[in-house]
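K.L.:
So the chains spell out like this:
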Amino acid sequence: MSHRADAKRMLDDRGGYAGPTIHGINPAHLLDKPVLDRVVDSYYWKEQCFAINEETLCDRAVDMTYFGGTYGQQKPTPFVCLCLKLLQLMPERDIILEYLHQTEFKYLTALAAFYVRLTFEPAEDVYTTLEPLLGDYRKLRRRTRDGGYSLTYIDQFVDDLLTKDRICATILPRLTQRTQLEDDGKLEERESPLGAELDEIDQDSDDSSVMQINGNGVERDGSIISD
Amino acid sequence: WDDDEDAEADQVDDTDGLDPETERAAWKLRELKRVKRGREAIEVAEKEREEVERRRNLSKEEREAEDAEHLERQKEEREGKGKMG
Numbered sequence: 001m002s003h004r005a006d007a008k009r010m011l012d013d014r015g016g017y018a019g020p021t022i023h024g025i026n027p028a029h030l031l032d033k034p035v036l037d038r039v040v041d042s043y044y045w046k047e048q049c050f051a052i053n054e055e056t057l058c059d060r061a062v063d064m065t066y067f068g069g070t071y072g073q074q075k076p077t078p079f080v081c082l083c084l085k086l087l088q089l090m091p092e093r094d095i096i097l098e099y100l101h102q103t104e105f106k107y108l109t110a111l112a113a114f115y116v117r118l119t120f121e122p123a124e125d126v127y128t129t130l131e132p133l134l135g136d137y138r139k140l141r142r143r144t145r146d147g148g149y150s151l152t153y154i155d156q157f158v159d160d161l162l163t164k165d166r167i168c169a170t171i172l173p174r175l176t177q178r179t180q181l182e183d184d185g186k187l188e189e190r191e192s193p194l195g196a197e198l199d200e201i202d203q204d205s206d207d208s209s210v211m212q213i214n215g216n217g218v219e220r221d222g223s224i225i226s227d
Numbered sequence: 001w002d003d004d005e006d007a008e009a010d011q012v013d014d015t016d017g018l019d020p021e022t023e024r025a026a027w028k029l030r031e032l033k034r035v036k037r038g039r040e041a042i043e044v045a046e047k048e049r050e051e052v053e054r055r056r057n058l059s060k061e062e063r064e065a066e067d068a069e070h071l072e073r074q075k076e077e078r079e080g081k082g083k084m085g
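Chains as they are written, first to last, in my numbering: chain A, 1 to 227; chain B, 1 to 85.
None of these hints come from the bench; they were simulated from the model. Cβ coordinates follow ideal geometry from the N, Cα and C atoms, glycine included. There's no promise every hint is true.
With a straight-line Cα cutoff of 30 angstroms, these simulated BS3-like cross-link-like pairs (lysine-lysine) come out [unchecked claim]:
(1) B:Lys47 / A:Lys139
(2) A:Lys186 / B:Lys36
(3) A:Lys75 / A:Lys46
(4) A:Lys186 / B:Lys28
(5) B:Lys75 / A:Lys164
Covered stretches of chain B, as calculated for chain A (at least 3 residues, CB under 8 angstroms) [claimed, not checked]:
(6) 21-28
(7) 34-42
Please model the entire structure based on the sequences and the hints provided.
P.N.:
Here is the structure:
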């Protein structure tokens, strides 16, 4: 047994890590090395992330007013710091889902979504857990790398998580494409929350394409299009 | 986290429900784009499958003729590039 505290062991890079793993590796390594180093060196990590648990982490999370990776002189956001804390705590699945689905604190939802994308497996579990959030259009403030802010939305963020390789200064673990999982019969086709509305739109666009083929130059309301 | 950056942060307002209709409409547009992207991905995959199927059904001579044509076209393109330089 090591004489060092658990936190130290997780962040000890001399090899010989013996703690619990995610995707078969030390969870800390799910963050990129430079970001990890910045997080561990930051005041936020040292002061605000010290000796907190799944419950007190919420107090920090609700104080977040933006999310992002690093900004300015590669300063880490509280978002990535808390993400490392989650990787260290490895809360039970139910707790993560509770973070994800509570509706009061949107940045906590975003944090949980990021954590789910980093840690959940197999791939179909990531899709089924995160896709319901594609219908959540609450606004999020994102810290950009140059230190500015931009506006995005939970659905947009989740979509990025499912389709991009790199987000919040972190290279995401490889995720099998949705179409592939559908072909293998592991996942049903996604139902858009637009549902019936989407059918209506399809109907409309079918009508208009028929109109184009006929080329009769008459709009649906009957007025003649003048050239 | 304790920097005096609040003023800058306020320029991007993340308050929800200020204009619910517009917010929903904007989401709807994003969602439609996602649906469209998904359908296009399926279409591309279908096309590729069809192409593979088609090639399989060709005779050896036909396949070779097609390859030769393709190589010829590649060569022409490369020569074209050379002249540009």
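K.L.:
Does each hint fit the structure? Answer for all of them.
P.N.:
Do the hints match the structure? See the list:
1. Using a Cα cut-off of 30 angstroms, the hinted pair Lys47 of chain B and Lys139 of chain A is violated, with the two alpha carbons roughly 38 angstroms apart.
2. Distance restraint check for Lys186 of chain A and Lys36 of chain B: the Cα-Cα separation of roughly 22 angstroms lies within the 30 angstroms cut-off, and the hinted pair is therefore satisfied.
3. A threshold of 30 angstroms between alpha carbons decides the hint, and for Lys75 of chain A with Lys46 of chain A the separation of about 14 angstroms falls inside it, so the pair holds.
4. At roughly 28 angstroms between alpha-carbon atoms, Lys186 of chain A and Lys28 of chain B fall within 30 angstroms of each other, so this suggested pair holds.
5. At most 30 angstroms may separate the alpha-carbon atoms for a hinted pair to count; Lys75 of chain B and Lys164 of chain A exceed this at roughly 35 angstroms.
6. By the rule of at least three residues with a Cβ nearer than 8 angstroms to a Cβ of chain A, the coverage given for the region 21-28 of chain B holds, with 5 such residues.
7. With 5 residues having a Cβ less than 8 angstroms from any Cβ of chain A, the region 34-42 of chain B passes the three-residue criterion, so the hint holds.
Figure legend: structure checked against the earlier numbered hints; hints not met, in rising order: 1, 5.
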